[in-house]
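Given the coordinates of chain A, work out where chains B, C and D with the ligands should sit on it, guided by the hints.
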Amino acid sequence: MNDVSKAVIAVDGAKVSFGAVKALDGVTLRVMPGECVGLVGHNGAGKSTIVSVINGGLTPHAGTVAGDGEQLERYGINAARARGVRCVFQELSLCPNLSIVENTRIMHRDLGGFGWRTRAAKIIATSLDTVFPGHGIDTSQTVGDLSIAERQMVEIAMAFSNAGTAPRLVILDEPTSSLDASLARQMLDHVRRFIAAGGSVIFISHILHEILETSDRIVVMKDGRVVAERQAQDFDHHGLVEAMGSVAKEDAGQHSSGGPSTAPVVLSHKTAGLPFTARAGEIIGLAGLAGHGQTELLLALHATHSGNWLPERDPRVTFVAGDRRLNGVFELWSILRNFSIASLGDLSRRGLILADEEEAKGADWKRRIEIRTPDMDNRILSLSGGNQQKVLFARALSTRAPIVLMDDPMRGVDVGTKQEVYTIIRDEAARGRTFIWYSTEMDEVRLCDRVYVFREGRIMAELAGDAVNEKNIIAASFEGVAA
Amino acid sequence: MSPVLRLFGKPWIWSWLAAFVVWFLTVTVSLGGGTLGLSQAALTFAAFSIIVGIGQMFVITLGPGNIDLSVPATMTLAGTVALKLMNVENGMILPGVLVAIVIGLVVGLCNYSLIKALRIPPIIATLSVSFIVQSAAIWTNRGLRIKPPSLLADFTTSNTFGIPNVAIVALLISIFAWFLLEKTIYGRWISAIGQSMPAARMAGIPVDGTRLVTYLFCAVLASVAGYLLACFSGGAALNMGSEYLLMSIAVVVIGGTAVAGGDSNVPGIWGASLFMFLVVSMLNTYGLGAGIRLIMTGLIIISVIMLAGGRRAGMR
Amino acid sequence: AAMPVSAVAETSAKKIALSNNYAGNSWRQAMLTSWEKVTGEAVKAGIVAAADPFTTAENQATEQAAQIQNMILQGYDAIVLNAASPTALNGAVKEACDAGITVVSFDGIVTEPCAWRIAVDFKEMGRSQVEYLSKKIPDGGNLLEIRGLAGVFVDDEISAGIHEGVKQFPQFKVAGSVHGDWAQDVAQKAVAGILPSLPDLVGVVTQGGDGYGAAQAIAATDRKMPIIVMGNREDELKWWKEQKDAKSYETMSVSIAPGVSTLAFWVAQQILDGKEVKKDLVVPFLRIDQDNLETNLANTQAGGVANVEYTQDDAIKVIEAAK
Amino acid sequence: MTFRLSSDTMRLAIPALSLTLLLAAVFWLQPRAMSYVGLNLLFNLAVPIALATIAQMLVMAVNDLDLSMGTFVSFVACVTATFLRDAPVIGILILAGAIASYAAIGVVIHLRSLPSIVVTLGMSFVWGGLAVLLLPAPGGQSPDWVRWLMTVKPPLAPMAIVASVIIAVVAHLVVMRSSLGVLIRGVGGNQRSVERAGWSIVAARAAAYGLAGFFAVLAGVALVGLTTSADANIALRYTLLSIAGVILGGGEFIGGRVSPIGAVIGALTLTLAGSFLSFLRISPDWQIGAQGAILIIVLALRLMLNRLEKREKRR
Ligand SMILES: Nc1ncnc2c1ncn2[C@@H]1O[C@H](COP(=O)(O)OP(=O)(O)OP(=O)(O)O)[C@@H](O)[C@H]1O
Ligand SMILES: Nc1ncnc2c1ncn2[C@@H]1O[C@H](COP(=O)(O)OP(=O)(O)OP(=O)(O)O)[C@@H](O)[C@H]1O
Ligand SMILES: [Mg+2]
Ligand SMILES: [Mg+2]
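Protein sequence lines, in the order shown, are assigned to chains A, B, C and D. Everything in the first sequence is counted per the working numbering, starting at 1 for the first residue and increasing by one. Everything in the second sequence is counted per the working numbering, starting at 1001 for the first residue and increasing by one. Everything in the third sequence is counted per the working numbering, starting at 2001 for the first residue and increasing by one. Everything in the fourth sequence is counted per the working numbering, starting at 3001 for the first residue and increasing by one.
Extracted from the complex, chain A is given alone in its bound form (with noise of 0.2 Å):
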């Protein structure tokens, strides 16, 4: 099987660290023609660093490279793609002032001559229409005007897309991060298509139900080291995680499900669908599509219901962001201070910061919810993105604000960590907070009292207690579509 002669891309004994974090470890991975190998780790493990060395745009600094049997010395992101590597990464990465065709050209170097807009607009078009049929984008379009779902369609479809250079090895890293279930079941069947005609797939991902179903072998990463690597159907679920080395908590995550709550009303909204309301310590999901509105409404929340002129001392909610690097960490500080940032208030007297009580409470939550660091002095850039984004969790819940707003906030958080997170939401919300959450995870959505689900940019539905299963939500999001 690991003939190194056969395998598309063998990565030998590879090492990397960035300063003293040793992300790669001697990390030995090959990728045979015709196979689907399934990466999976806690976060941090070392797979976004791998997929760096494969696609060329890290040299390691010891270990070799090797591709169709031969070494490959001056191995770089140019004779990568000259192999036909291809690589959607884990943060969207098209440029978003450019249009779908313009992106293109720009993934594509060797497109350029004389009406390269015609045949570059070809190309993009044919492959979304295999990947994702009836996907309804129009490729004149600028990215920017495209919704995050849209957009991460067309990164997957630019890496299978074929300019001159066949795609050969696709390395996809949480690609389905964005996208809804019935989109990501598009793309998962087009990645067993692809490897049926005799193509090689890296695939990514924190959800290991895709990868149980769509990888031939498993390769499991902790701390930049390949602690297991077996074909899929000697894995199960369970020993999946258990291999992660994550304290496997299965099926924690049932509601509580009691009657309707006679808590206070804390919040209520008037939107284009169903009115929307909250009780005091209710987890209240909200549903449907990626990117049908939901994200909207917890902006809409936000901006109602805290001040952008005058601090202030009570605030009323509190945000936990999904896209990080757009609205959650700020990313010339440390850890601590992107911590304690929205819990200054309290952490003052008379506008001046109490340094000490600053360090304390960031070392109490350090424990709590385990952030991976040797000290929170150290930059928030140096964290993996899971535990970025543990970090914006303590942030939010840090505050004293009894409403939490969260938009996706587990995504690509490794499944130990979300586990840890879902105890204290469900601590939090018994001493009376709400959380109001957006998830594209069936699981997630599923520890909700109460879900709205949406489409449209309207509610559509609302479900309680037992009603809340996938079967509802699935209907809900598409009863637009049947009528």
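Calculated from the structure, these hints are not laboratory results. Quick reminder that beta carbons are idealized off the backbone N, C-alpha and C, glycines included. Take the hints with a grain of salt, since some may be wrong.
Said to hold, decoys possible - As a list, the in silico PhoX-like pairs of lysine-lysine whose alpha-carbon atoms are at most 20 Å apart:
| # | chain 1 | residue 1 | chain 2 | residue 2 |
| --- | --- | --- | --- | --- |
| 1 | B | Lys1183 | A | Lys361 |
| 2 | D | Lys3153 | C | Lys2094 |
| 3 | C | Lys2238 | B | Lys1084 |
Said to hold, decoys possible - Partial list, derived from the structure: chain B residues whose beta carbon lies under 10 Å from chain D:
| # | residue |
| --- | --- |
| 4 | Ile1067 |
| 5 | Lys1084 |
| 6 | Leu1085 |
| 7 | Val1088 |
| 8 | Pro1121 |
| 9 | Gln1134 |
| 10 | Gly1289 |
| 11 | Met1296 |
Claimed, not checked - Estimated spans, in silico, between C-beta atoms of each pair:
| # | chain 1 | residue 1 | chain 2 | residue 2 | range |
| --- | --- | --- | --- | --- | --- |
| 12 | D | Arg3281 | B | Gly1162 | 54 to 62 Å |
| 13 | A | Lys15 | D | Ile3092 | 48 to 56 Å |
| 14 | D | Ser3283 | C | Gln2301 | 17 to 25 Å |
| 15 | D | Val3152 | A | Glu73 | 57 to 65 Å |
| 16 | A | Ala62 | D | Ile3092 | 50 to 58 Å |
| 17 | D | Ser3283 | A | Asp314 | 50 to 58 Å |
| 18 | D | Tyr3036 | C | Glu2276 | 31 to 39 Å |
| 19 | A | Leu354 | B | Ala1117 | 36 to 44 Å |
| 20 | C | Glu2276 | B | Ala1117 | 40 to 48 Å |
| 21 | D | Ala3104 | A | Phe18 | 28 to 36 Å |
| 22 | C | Glu2041 | D | Ser3283 | 12 to 20 Å |
| 23 | D | Ser3283 | B | Gly1162 | 44 to 52 Å |
| 24 | A | Ala272 | B | Gly1209 | 24 to 32 Å |
| 25 | C | Glu2294 | D | Ser3283 | 30 to 38 Å |
Same frame as chain A, but now just chains B, C and D with the ligands:
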């Protein structure tokens, strides 16, 4: 890291080094004769750049695109109106200061109202306001130079323990600014806004309020500097602020403040302001013509930023 | 102003515009004030139909060129021009001439042959400063030169005159030279910066508007006050008077009078009236000496500039003299 | 499917409408302007500004800002009025060298990841100094062919209009339609992803700066053609004018969102605003202030139209 090495990691060290080198080169020519004189002159004239530079730094900290081009016009208006109001009477000094501050507040308010109401980039909004403010300055007294009250004139032109009084004022303002930036919630807020406005908003920061205060602060510092400068140079002139436009920006960036926002630094302003004065003195001392002098100034600015820019954005 | 008799019929329907490139100092403000005062009366008396002043937002030749082009469109019969550049406006001036418009330039004159020029001999203004110093200090010594704005014509001319003077009186030496941009505060700053490195000074030669700044910078040191040639600003004259009363300080002061704009106005009116006027006219600069200091100071508005306003008769005299 | 204008079209519609309104106001105040000669007088000084605006726009497309534009154009003007006339070969070499140094500045800014504002601020002193060295006093004379080019009277439309249209079209082709333009804007939009696609960002930035230098050189040459001579301070204002022109034309400071046609329209609008004011005959005290007021009004107009567009979109 050894302390010396760590010192070199500070963003402001380069402007200080540059200032020192230039000072040294100038002093060597006069064989040490004018050392004290030169140092005092440098402190005096740097003080004005420091005061306006600090205001500009707060605005620049608010993030990309934030810049206040109305500084020169504000200085001029505050100087002319205050001196006209005081009309050479010592008893009117306090009302004079107050009217200068009020002018600063009004200009700052206009600036931010435009930025907010019209959603235009601050660079354009403040430029528009500066035209109007400049007109107002012309209209108020048509360029007549009224002398400052004698007490003020004496205060601004004399020294205390060998240190120019205006430099002491600048030092007090700098300490206040440093304190704001490092120790208060407000300082955290402007830094957060400078790094990412949406993130700041979502973290519950009153973004508009903070930005408004910052533009007010900048305009008030500009008007205070204009007031002091008018008193120092024996009367307000309609063009007295003009060189402080580029100057205020230059001292901020040479001083090591991140142009992309979010990271400011008070000591650097001092180094940069001293440097900007001393470099002109040095080139004048060496008898170089205006052309060569301009070229050298430019090249030195670029070298300083190249030296300082090699490091990655500062750690916290 | 003397009431003219002959001109009324011919020019009463004519419109004259003032194109000014800068309003940011007291000299220009005095110039505009004189213009408004004198032309206001002329319009009221029906000598001309209009005499509108225009100022550009920035001191730039390009903006002034645009302003002149607009004046062409507005249908003025004459343009009185204080130019930002002696040559860069030639294109626009030519267009005005081609449209049949009379262009009279003063102070900042233009070289375009179709325009009239009311010039001040700036070179002589610079040279006479050194000459004066040579009378006061026959032994000579070190001079500090304060220049204007780099790259501007007037600055170059005066400086050339000063250096000519130094050649003529070789006992003097220009020990240092700074740009004061014709502004007190800039001059003060520049002088303070160079002073520590300079030897003893016997005199400071200037271009106007910068003498007081130099005096302040020197007063801040323990140097002996050299003879600073002044530039007719009220604060300069006042300082001079104080020094004169206190320690019989002696100096002189030269500058071009801002009221020269009114002379240009009358010359334009005369040309429109059909008078034959030579293209190049010369106007003397306004010099103040030790003995007429008090009179001039008394006639100068607080914070303003020593000034002379011209009448139609003055203009006729100047025109005749040039013939 | 609702009808939706693309954001690029909207970016253009707004400045175009402001220009039309302003032009209507000018014609109403001064009907004489409504002629071949009148239009030329109104707009010919906008030609160099439009070129400088395009140059600034190219730099802004890669998320930088050029504070040396004004002094650079002045420097080019000085070269044009001296060397390009007296010794054309040397003149052309100097101008080519200037363009090369622009590209080099782009490289330095990128390699050392320096803030463009500071580097170009420094360069503005350098260009200014060189200009003063070349022409300590105003002077020189424009080469005859330049003068001819700027004063030629084409049939149908005056030179100013023809030139503006040509500039807009050429810039549009280069920036919006060509691969190079896409690359440059891509760097402004998401530098990292362009890099990951295997492009050299240094080369892209150098190209953007080099092109900017080229357009700025054209601006300087055109300016001298209009003014017939040069001085070291002749175009200092172009720095702010060009930035304002890009913004008025719908461009943005970051994110690579620019519009060349909009930029040319922005430059024309700014020029026209000045004329409009002088036709209004405001008191000299307030003439400067009125320029500020008109900027504000034009931008308010832009905001109003933006709002309209948003409402349109929501429907
Ligand atoms: N540019 C970088 N500079 C410094 N450290 C880095 C950098 N990129 C990655 N790291 C570190 O390398 C390690 C491996 O990171 P990597 O991105 O490969 O993790 P990952 O498995 O992709 O995590 P996730 O599931 O959160 O995406 C982490 O500890 C991370 O902090
Ligand atoms: N810029 C950086 N500087 C220093 N360390 C970094 C940097 N980026 C990442 N790391 C380190 O690399 C590790 C992995 O980072 P990365 O973002 O790839 O995590 P990840 O595996 O993708 O995690 P997640 O699933 O949480 O996104 C982290 O533990 C972090 O410490
Ligand atoms: Mg990753
Ligand atoms: Mg990650």
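Against the structure, the hints come out as follows:
1. B/Lys1183 with A/Lys361: Distance of about 17 Å is within 20 Å: holds.
2. D/Lys3153 with C/Lys2094: Distance ~16 Å between D/Lys3153 and C/Lys2094 Cα, so the pair holds.
3. C/Lys2238 with B/Lys1084: 18 Å, holds
4. Ile1067: 9 Å, holds
5. Lys1084: This interface hint is violated because 15 Å lies over the 10 Å limit.
6. Leu1085: Since chain D brings no Cβ nearer than about 19 Å to B/Leu1085, farther than 10 Å, the hint is violated.
7. Val1088: 24 Å, violated
8. Pro1121: Check passed: Cβ of B/Pro1121 comes within 6 Å of chain D, closer than 10 Å.
9. Gln1134: Interface hint status for B/Gln1134: holds (5 Å vs cutoff 10 Å).
10. Gly1289: Since chain D brings a Cβ to about 8 Å from B/Gly1289, closer than 10 Å, the hint holds.
11. Met1296: Interface hint status for B/Met1296: holds (8 Å vs cutoff 10 Å).
12. D/Arg3281 with B/Gly1162: 54 to 62 Å: 56 Å, holds
13. A/Lys15 with D/Ile3092: 48 to 56 Å: Given about 54 Å between the Cβ atoms, the range holds.
14. D/Ser3283 with C/Gln2301: 17 to 25 Å: 20 Å, holds
15. D/Val3152 with A/Glu73: 57 to 65 Å: Hint holds: Cβ distance 60 Å, inside 57 to 65 Å.
16. A/Ala62 with D/Ile3092: 50 to 58 Å: Once the Cβ atoms are compared, 53 Å apart, the range 50 to 58 Å for D/Ile3092 and A/Ala62 holds.
17. D/Ser3283 with A/Asp314: 50 to 58 Å: With Cβ atoms ~53 Å apart, the hint holds.
18. D/Tyr3036 with C/Glu2276: 31 to 39 Å: With a Cβ separation near 34 Å, D/Tyr3036 and C/Glu2276 satisfy 31 to 39 Å, so the hint holds.
19. A/Leu354 with B/Ala1117: 36 to 44 Å: Holds, at about 37 Å.
20. C/Glu2276 with B/Ala1117: 40 to 48 Å: Taking Cβ atoms as reference, C/Glu2276 and B/Ala1117 lie about 59 Å apart, which means the hint is violated.
21. D/Ala3104 with A/Phe18: 28 to 36 Å: Holds, since D/Ala3104 and A/Phe18 (Cβ atoms, about 32 Å apart) stay within the stated range.
22. C/Glu2041 with D/Ser3283: 12 to 20 Å: Check passed, 18 Å falls within 12 to 20 Å.
23. D/Ser3283 with B/Gly1162: 44 to 52 Å: Given range 44 to 52 Å: holds, Cβ gap about 49 Å.
24. A/Ala272 with B/Gly1209: 24 to 32 Å: For A/Ala272 and B/Gly1209 the Cβ distance comes to about 31 Å; the hint holds.
25. C/Glu2294 with D/Ser3283: 30 to 38 Å: Since the Cβ atoms of C/Glu2294 and D/Ser3283 sit about 35 Å apart, the hinted range of 30 to 38 Å holds.
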